[in-house]
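Novice: Given next are the chains, with one letter for each unit.
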Amino acid sequence: MTQTLKGLSRRALLQRATAASATFVVGTGFLAAPDAAWAIETTALKPETMATLVQMARDIYPHDQIGDEHYVTAVKGYDTTEAAEGIEAGIAKLNAAAQAAGHDSYLGMGWERDRVDVLRGMEDDPFFQQIRGGLVTGLYNNKAVWPIFGYEGESFSKGGYIDRGFNDINWI
Amino acid sequence: MSAPFDLNDDSVVVVIGTGAGGGVVASELAKKGVSVVALEAGGRHLPEDFVNDEWDSFGQLAWLDARTTSGDWRVAKDFSGLPAWIVKSVGGTTQHWAGASLRFQDHEWKALSTYGAVEGATLLDWPIDAAEMAPWYAKAEDKLQVTRTNGRPGLPGNNNYSVFEAGAKAMGYSDVHTGRMAIASDEGSDRITCQQTGFCFQGCKWGAKWSAGYHEIPEGEATGNLEVRPQAHVARILHNDAGKVTGVEYFDADGNLQMQKARLVCLAGNSFESPRLLLNSASSMFPNGLANSADHVGRHYMRHMTGSVYAVFDQPVKFWRGTTMAGIITDESRHDPSRGFVGGYEMETLALGLPFMAAFLDPGAWGREFTSALDQYENMAGMWLVGEDMPQATNRVTLNTDVQDQWGLPVPNVHFDDHPNDIAMRNHAYAQGQAIYDAVGATRTFPTPPYPSTHNLGTNRMSENPEDGVVNKWGQTHDIANLFISDGSQFTTGAAENPTLTIVALAIRQADHIAGEMAAGNL
Ligand SMILES: Cc1cc2nc3c(=O)[nH]c(=O)nc-3n(C[C@H](O)[C@H](O)[C@H](O)COP(=O)(O)OP(=O)(O)OC[C@H]3O[C@@H](n4cnc5c(N)ncnc54)[C@H](O)[C@@H]3O)c2cc1C
Ligand code: SF4
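Quick mapping for you: the protein sequence lines, in order, are chains A and B. Residues in the first sequence are numbered from 1 upward in steps of one, following the UniProt record's numbering. Residues in the second sequence are numbered from 1 upward in steps of one, following the UniProt record's numbering.
Calculated directly from the structure, the hints in this document are not laboratory data. Backbone N, C-alpha and C fix where the C-beta goes; we use that ideal spot for every residue, glycine too. You may find that some hints are simply not true.
[Claimed, not checked] Within a straight-line C-alpha distance of at most 30 Å, the following computed BS3-like cross-link-like pairs (lysine-lysine) qualify:
{"#": "1", "chain 1": "B", "residue 1": "Lys-77", "chain 2": "A", "residue 2": "Lys-143"}
{"#": "2", "chain 1": "B", "residue 1": "Lys-110", "chain 2": "A", "residue 2": "Lys-93"}
{"#": "3", "chain 1": "B", "residue 1": "Lys-473", "chain 2": "B", "residue 2": "Lys-77"}
{"#": "4", "chain 1": "A", "residue 1": "Lys-76", "chain 2": "B", "residue 2": "Lys-31"}
{"#": "5", "chain 1": "B", "residue 1": "Lys-261", "chain 2": "B", "residue 2": "Lys-31"}
{"#": "6", "chain 1": "A", "residue 1": "Lys-46", "chain 2": "A", "residue 2": "Lys-76"}
{"#": "7", "chain 1": "B", "residue 1": "Lys-473", "chain 2": "B", "residue 2": "Lys-169"}
{"#": "8", "chain 1": "B", "residue 1": "Lys-32", "chain 2": "B", "residue 2": "Lys-473"}
{"#": "9", "chain 1": "B", "residue 1": "Lys-473", "chain 2": "B", "residue 2": "Lys-244"}
[Claimed, not checked] Rough simulated footprint, nothing fancy, chain A against chain B, three-plus residues with beta-carbon under 8 Å:
{"#": "10", "region": "146 to 158"}
{"#": "11", "region": "193 to 200"}
{"#": "12", "region": "308 to 319"}
{"#": "13", "region": "373 to 383"}
[Claimed, not checked] Anything over 12 Å on all C-beta distances counts as not near chain A; from chain B, calculated:
{"#": "14", "residue": "Asn-52"}
{"#": "15", "residue": "Gly-71"}
{"#": "16", "residue": "His-107"}
{"#": "17", "residue": "Asp-190"}
{"#": "18", "residue": "Ser-283"}
{"#": "19", "residue": "Gly-364"}
{"#": "20", "residue": "Val-411"}
{"#": "21", "residue": "Ile-423"}
Start from the sequences and build out the full structure, keeping to the hints where you can.
Specialist: Structural data, given as structure tokens:
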């Protein structure tokens, strides 16, 4: 979240928006959550592209208990001049596939099922594989999501689990 | 104090690689008064340097130089540039290893005689047997302080083990325990005992787990007879007109090419780099590479039949807590062809952290079938399956001259196709593993495909007859008397057990032989 957007109220965000859906508020050079819980500025990518990318990330590795901000973190590295061209082209392809399936755009598809059908059709595409492969570390190697899965990370600093439940199972 | 030796000192033994094989042979020779220069491509990483974070540790320790793959194994598709998970560091892969330390079963030294010829497999008997190896195994177990050997207690079981043991008992298995582990369990040990931190695969920060890097090498250095040169990547083994090895060329830490003279060379770069170095050392006298007159260098590559089974329960397991692999069922390790395959397999507890679980549970998978499994991460239990795979002449390491590493050297290509026996065994192991968890209430189980190989064997195999392999029963190459192979590449066959105890026992025995022959003036 950047300085300029930080702390803006939902109302202030919506005032700057050029488009808003149930999932995202998109404005010139930024993307935000409808409840203003998070917001990011985009520099190289169109905000709509970033929004589609975030949705695509969630559709590839959907975890309902993980907030959008973690998917944003996982893909925001693509917002660079070097990566932008490939990403814009990939997302354009995704939208074209959505349109071929009779929808306005990828983001315009209300059901995950329909979006996943589009993704399945692109599974062998290098763009899809780039995004999926990047998410394996971008999403799951983010220490902020570990507690959501119950994973505790390193334990050396706490003296290991020898006195902290390495054998505390009680139901087996 | 470590001894510095001159580059022109041709009285030294040069050891290439300081892992399970090289680290032990170097230190054992030094303890016997032999002057040793150990050249190690990796840097020195001690317990205080280890990082208990899966990807960070992988970046710190894993061998990441370019390699290529081919063949029908799934690793070639999912991890095409990473055929193996092995380490580049003083201490080699014993920095990462879990510590499971098992002797071969007696019959496994004689695979061809016991199983008979298997179509498509190049089975052979080892030129040594269980009786010959028993005293060397005992020395290796003491060196590694292996639990449940020589009076040492077993480790306590963790949560993952409790599920595993209950499942094994429900299935009627009889031989289940917390394993024979190279991890200090005894309060009387000079090492800190296991603190159950659960990062055995990332380097044990307590030093409870044995590693050649921080146990073996310092002992050798303390004799004053061993000099370890880290960040020294050996490029070529040199020889004279008499066909004797005379020294090695290596790139030092600054990238400069150096030449170290040698009286004798022990090669221990693990099963890709050792054959690669022999092949890259081809000369007009040895156009097919060193020690390759019978065309076995690089062939018969084995990686063990492996796979994993993970299971989800309706209650928490927290399987990442505690020792990564302290649990074993050995009932299926017997040779019993009525199961539809020769040889046997072990089942061992295994846990991965969330980042590695995401990468390895079902590589390439996505969507809710995959994520709903990870959602249950806290309720997961897991085991690893490891069994004897069939040696095949076409499973091999060759030079890929189209791709070069950072030194301009051709990289190894690793070709592997599963043998039908490997597939039959894996399917049996998956079914048994899933049944174990189902027997104690698993709600979902996952037959997980093999990871990049951690056990790499056979590419310079030991044989009675020079036509059948690369080295004799001492690890001495059939072709060149002062060139020895000291790592897992000398395995004739793989057996069902994790290989490192056997690599260490062979290295202790080899050092004893070399020192004796040198003293007798034969080498
Ligand atoms: C995650 C993991 C868990 C494991 N758990 C177990 C277990 O529980 N039990 C078990 O028995 N085994 C286990 N293993 C396997 C075990 O670590 C290996 O079998 C063993 O370390 C192999 O010994 P080695 O001497 O053949 O090679 P390594 O130990 O790999 O040593 C080879 C060394 O040679 C160096 N080298 C290579 N080429 C050159 C060159 N050209 N110049 C200079 N140096 C070079 C490398 O950098 C490396 O340090 C595990 C492995 C992994 C990765
Ligand atoms: S679980 Fe034990 S052996 Fe493994 S890293 Fe922790 S202290 Fe070391």
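Novice: Would the non-interface assignment of Gly-364 (chain B) survive a Cβ cutoff of 12 Å against chain A?
Specialist: Answer for Gly-364 (chain B): violated, closest chain A Cβ roughly 8 Å.
Novice: Would Val-411 (chain B) pass as off the interface with chain A, using Cβ distances and a cut of 12 Å?
Specialist: holds, 22 Å
Novice: Using Cβ atoms and 12 Å as the threshold, tell me whether Ile-423 (chain B) really stays out of contact range of chain A.
Specialist: holds, 25 Å
Novice: Taking beta carbons only, do three or more residues of the region 146 to 158 of chain B come closer than 8 Å to chain A?
Specialist: Holds, because 3 residues of the region 146 to 158 of chain B bring their Cβ atoms closer than 8 Å to Cβ atoms of chain A.
Novice: Are the Cα positions of Lys-77 (chain B) and Lys-143 (chain A) separated by 30 Å at most?
Specialist: holds, 28 Å
Novice: Decide, holds or violated, for the assertion that all CB atoms of chain A are farther than 12 Å from the CB of Asn-52 (chain B).
Specialist: At about 4 Å from chain A, Asn-52 (chain B) fails to clear the 12 Å cut-off, so the statement is violated.
Novice: Does Lys-31 (chain B) sit within 30 Å of Lys-76 (chain A), going by the straight-line distance between their CA atoms?
Specialist: Given pair Lys-76 (chain A), Lys-31 (chain B) is violated - Cα atoms ~56 Å apart, limit 30 Å.
Novice: Examine the region 308 to 319 of chain B: at least three residues should have C-beta closer than 8 Å to a C-beta of chain A.
Specialist: Since three or more residues must qualify, the claim that chain A covers the region 308 to 319 of chain B holds, with 4 doing so at under 8 Å.
Novice: With 12 Å as the threshold, tell me whether Asp-190 (chain B) passes as away from chain A on beta-carbon distances.
Specialist: holds, 19 Å
Novice: Count the residues of the region 193 to 200 of chain B whose CB lies closer than 8 Å to any CB of chain A, then report whether that count reaches three.
Specialist: holds (count 6)
Novice: Non-interface claim for Ser-283 (chain B): all C-beta distances to chain A beyond 12 Å?
Specialist: holds, 42 Å
Novice: Between the alpha carbons of Lys-261 (chain B) and Lys-31 (chain B), is the straight-line distance 30 Å or under?
Specialist: holds, 21 Å
Violated hints, in rising order: 2, 3, 4, 7, 14 and 19; the structure is consistent with all others.
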